[in-house]
Amino acid sequence: MTTSRDNNKIKSIVKACRLITRMVQAEPDHRKSQVLYYQMLSKYFTRLLNAHEQGDFVAAHTVFFPSELIYAMDLVPMHTETSTWMTALFTGECDDILSEGSNLGLASEICTPHRGLAGAYSLGVLPRPDVMLWSNMVCDNTAKSGELIMELCDCPGFFIDRPFKDSQREIEYLTGELEDMVHFLEQQSGKKMDWERLSEIVGRMDRQIELVRQINEMRKAVPTPFSAMGFLELVTIDYLFPGQPEAIEYLQTLLGELQEMVRQGKGAVPDERFRLMTLFIPPMYLMTSLEKMAREYGAVSVIEPFFTYWGEGRLDASRPLESVAKKSYLIPEMRMYGPMDDRALNSITDCARDYKIDGAVYYADVGCRHSCATIKLFKDTLNDIDIPVLTLDCDVVDQTATSEEEIKEKLEQFFELLEDR
Amino acid sequence: MTPENTANQNIIELKSLDKFREINRDFPRTKLLQEHKDSGGKIFGWLCTYIPEEIIHAAGILPIRIVGHSRETDLDEGTAYLYVNNCSFSRSCLQLGLQGEYDFLDGVAGGSTCDGARRLFDLWRNYIGTPFHHILTVPRKYTKKAHELYLYEVEQFTCHLEEFLGFKITDEALLASINIYNETRQLLMQLYEYRKRDNPPITGAETMDVLNASFRMPKEVFNDWLRELLEEIASSGIEHKHRARLMLVGSVLTNTEFIKSIEDQRGLVVTDELCTSTRYWTDPVVIDDRISLREAVARRYLNNFPCARMFPSDERFNRIMQFAQDYRVDGVISQIVRYCVPYCHDLPLLTRKLKAKGIPILALDVEYGTSGSGQIATRVQAFMEMLEARKK
Chain A
-2 MTTSRDNNKI KSIVKACRLI TRMVQAEPDH RKSQVLYYQM LSKYFTRLLN
48 AHEQGDFVAA HTVFFPSELI YAMDLVPMHT ETSTWMTALF TGECDDILSE
98 GSNLGLASEI CTPHRGLAGA YSLGVLPRPD VMLWSNMVCD NTAKSGELIM
148 ELCDCPGFFI DRPFKDSQRE IEYLTGELED MVHFLEQQSG KKMDWERLSE
198 IVGRMDRQIE LVRQINEMRK AVPTPFSAMG FLELVTIDYL FPGQPEAIEY
248 LQTLLGELQE MVRQGKGAVP DERFRLMTLF IPPMYLMTSL EKMAREYGAV
298 SVIEPFFTYW GEGRLDASRP LESVAKKSYL IPEMRMYGPM DDRALNSITD
348 CARDYKIDGA VYYADVGCRH SCATIKLFKD TLNDIDIPVL TLDCDVVDQT
398 ATSEEEIKEK LEQFFELLED R
Chain B
19 MTPENTANQN IIELKSLDKF REINRDFPRT KLLQEHKDSG GKIFGWLCTY
69 IPEEIIHAAG ILPIRIVGHS RETDLDEGTA YLYVNNCSFS RSCLQLGLQG
119 EYDFLDGVAG GSTCDGARRL FDLWRNYIGT PFHHILTVPR KYTKKAHELY
169 LYEVEQFTCH LEEFLGFKIT DEALLASINI YNETRQLLMQ LYEYRKRDNP
219 PITGAETMDV LNASFRMPKE VFNDWLRELL EEIASSGIEH KHRARLMLVG
269 SVLTNTEFIK SIEDQRGLVV TDELCTSTRY WTDPVVIDDR ISLREAVARR
319 YLNNFPCARM FPSDERFNRI MQFAQDYRVD GVISQIVRYC VPYCHDLPLL
369 TRKLKAKGIP ILALDVEYGT SGSGQIATRV QAFMEMLEAR KK
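If you read the protein sequences in the order shown, they are chains A and B.
Everything in the first sequence is counted per this note's numbering, starting at -2 for the first residue and increasing by one.
Everything in the second sequence is counted per this note's numbering, starting at 19 for the first residue and increasing by one.
Errors might be hidden in some of the hints.
Claimed, not checked - List of simulated lysine-lysine pairs, DSS-like, C-alpha gap at most 25 angstroms:
| # | chain 1 | residue 1 | chain 2 | residue 2 |
| --- | --- | --- | --- | --- |
| 1 | B | K371 | B | K409 |
| 2 | A | K353 | A | K289 |
| 3 | A | K162 | B | K162 |
| 4 | B | K163 | A | K162 |
| 5 | A | K289 | A | K217 |
What the hints assert, rightly or not - Derived CB-CB ranges, DEER-like:
| # | chain 1 | residue 1 | chain 2 | residue 2 | range |
| --- | --- | --- | --- | --- | --- |
| 6 | A | D383 | B | E180 | 38 to 44 angstroms |
| 7 | B | Q52 | A | A398 | 45 to 51 angstroms |
| 8 | A | N100 | B | G59 | 50 to 56 angstroms |
| 9 | A | S286 | B | T396 | 42 to 48 angstroms |
| 10 | B | D94 | A | D383 | 23 to 29 angstroms |
| 11 | A | T43 | B | E180 | 57 to 63 angstroms |
| 12 | A | D313 | B | Y160 | 30 to 36 angstroms |
| 13 | A | R418 | B | N336 | 56 to 62 angstroms |
Claimed, not checked - Some but not every residue of chain A turned toward chain B, in silico, with C-beta under 7 angstroms:
| # | residue |
| --- | --- |
| 14 | E106 |
| 15 | K141 |
| 16 | G173 |
| 17 | R366 |
Since the hints were derived computationally from the structure, they do not count as laboratory data.
Glycine residues also receive a C-beta, built at the ideal position from the N, C-alpha and C atoms.
Only chain A is shown next, with the shape it has when bound in the complex (with noise of 0.2 angstroms):
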């Protein structure tokens, strides 16, 4: 199978990510980090689009998949799930993929990032990769991507098998998995593990979670200093370069810019009126309008238990391969996605008071099942401390699941009853 170049996604991403990064230059206040954060994506996709022409091995992998062994190796990570959500996000055009997704026979119950990653493999408009790689850090959505796309591309794959719990026991487990992957690798690639090279990488991975902590420290600011939608580009960095020299650089840089914006006493709104915790990722064909509302009514995401906000710990350079297992218990998400007890539910309250907090959204993703499982439990523990909770039903890729306006709409009433209080 070869890609289409017709209609190539990460070519249209690609592109995408040079005209933003043009336009985001041309503001006469533009934020530094934003340029080098759209630079870097620029960057990671057009080195997927020109792998195989220049003789790179692709390794195709699924959301929170250490892809620091990847990077260790010198090979082209795929970030599976983003490569579907920058689709959705830069050319807002997802339907020909679902709907090819379908066509396979997936019901429509599968989430569409999956859904529309089996369709694109499908159709070829994504690079064919060398091998899969996939786990079941997060859902059945994952666990069970990986052996379609190998039948679909032709290729081998290798499985992940994290264990739920963080016992020393299961991260032991864990680390052993990686090592076989490790093994596989290298067998496929025809590379060697570079350890002095994932060293480095964990010894950044864990400034890099450092610099977060950091990060939103100055978001705790009254006005907050971050942007609306700005959490985004934290996942993202963690999600595509982890321990990475350039989102060390990002970081720092954003990192400046808030401190001395928080020194100035300066928001990322005009006038903060709203500070809210995201409980899940906002439709990506809807940021622009997020933002602008955000803009608008002066309400601004301050806090993500579940997405910036890194249990406690640290990575041990010296001890790479368990610091990339212990890491991926350390991950926010993994809050959501560990088991759902005292642990996980302290957190959402601690967020809450320390980054004071007027109201929650959780964008309630249609195809994400267990953690909409989660809106009960997260509603209760909020309300039980005076936090109002709006539940925004959506889909992180589908146009089609809720419309702009209906969305728009729920969050000006929720704004009002924010106001009434």
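For this one, chain A is given, so just place chain B on it according to the hints.
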């Protein structure tokens, strides 16, 4: 329905089935469970087939499976808690729990098996006051390391249970429990052997009556009842004629009406691959002097007829293919409960494999508890006609 359209025409009913049906009709408020509680016994509910029942049983506790309404019903409460995009099985189970139907339970055990099961466990723990809760990490692979991890999890579960009870579970007790459960498996195997006949003496719906009861009552009593049934079948002379031999595959199913609606069109379900049927009972615990009894139990549960959650999926597909051959099936009906994502992902791959072997498949997207009427019946009818046309 005309008489010629039914699988059960002029058939003598198996009287031994009545007792199983009574259990299923009254569950979870059955006389047997009430008597067990009245005599001071404890009852634990388990949420998935990867929970080692023998460990609970060896602790002197009666394990039963938590299931939902085995019929079509509104799931308002379950949906309010688990949201509409969680599978209707989980929502149905939770609804019964929230309504107090399982308030006699002393404990609940779940596994990290699928999103629906683990979220059901989360909400059960948070909103239903069952005294004991435990969730096991269940690996998705069959490697040596995966077996070691699962054994560790089984041991952790055992320790937690012993702490809760205040006494140790002995090897003698565990061995006795293994023997009882293995006997259940061996008796069910005998029942399934009858289904291999040209005109089997038991229908798929009747078999489901037996299976449903198997996880809703003490195994000791169940084994006695099943032996009686097997004796009755042996002397009954019953033969179910049919238009096609079918295999039912997919996610959880407890409503016998669903199978009956297929069999009313004379498609006889001769075997199945469901988490309430063969995936629950097929493999025995193999006792081996070189390993501990707990390890034998752990091995059995991880190696058992796999659920779609396991990797690689071929382990499941190969077993299905073997069953299709052993039971000489003409076609396969896949029934997947909506939002049962692991099975949704397997479906395109399984369809290709079955087609390569010349076995047609009908894929039904259903809600848990559905009776199989309306649109489903129409699709089954068309499938039956297609199977018949192939035979000509």
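Going through the hints against the structure:
Note on K371(B) and K409(B): the hinted pairing holds, with a Cα-Cα distance of about 21 angstroms set against a maximum of 25 angstroms. Between K353(A) and K289(A) the alpha-carbon distance is near 22 angstroms, which keeps this suggested pair within the 25 angstroms criterion. The suggested pairing of K162(A) with K162(B) holds, with an alpha-carbon distance near 19 angstroms, which does not exceed 25 angstroms. Among the hinted pairs, K163(B) with K162(A) is consistent with the structure: their alpha-carbon atoms are about 16 angstroms apart, no more than 25 angstroms.
Among the hinted pairs, K289(A) with K217(A) is consistent with the structure: their alpha-carbon atoms are about 22 angstroms apart, no more than 25 angstroms. Remark: the range hint 38 to 44 angstroms for D383(A) to E180(B) is upheld by a beta-carbon distance near 42 angstroms. A C-beta distance of roughly 47 angstroms is found between Q52(B) and A398(A), which places it inside the suggested range of 45 to 51 angstroms. Range check, N100(A) to G59(B): Cβ separation about 54 angstroms, and the 50 to 56 angstroms hint holds.
Separation of S286(A) from T396(B) is about 43 angstroms and conforms to the stated range, judged on CB atoms against 42 to 48 angstroms. Checked against the hint of 23 to 29 angstroms, the pair D94(B) and D383(A) passes, with Cβ atoms roughly 27 angstroms apart. For T43(A) and E180(B), the hinted distance range of 57 to 63 angstroms is satisfied, since their beta carbons lie about 59 angstroms from each other. Separated by about 31 angstroms at the C-beta atoms, D313(A) and Y160(B) satisfy the suggested range of 30 to 36 angstroms.
At about 60 angstroms, the beta-carbon gap between R418(A) and N336(B) stays in the expected band of 56 to 62 angstroms. A distance limit of 7 angstroms between C-beta atoms decides the matter here; for E106(A) the minimum to chain B is near 5 angstroms, and the interface restraint holds. The interface hint given for K141(A) is met, as the beta carbon of that residue sits about 4 angstroms from the closest beta carbon of chain B, less than 7 angstroms. The closest approach between the C-beta of G173(A) and any C-beta of chain B is roughly 5 angstroms, which is under the 7 angstroms cut-off, so the hint is satisfied.
Look at R366(A): its Cβ gets to within about 5 angstroms of chain B, closer than 7 angstroms, so that hint holds up.
Checked against the numbered hints above, the structure breaks none of them.
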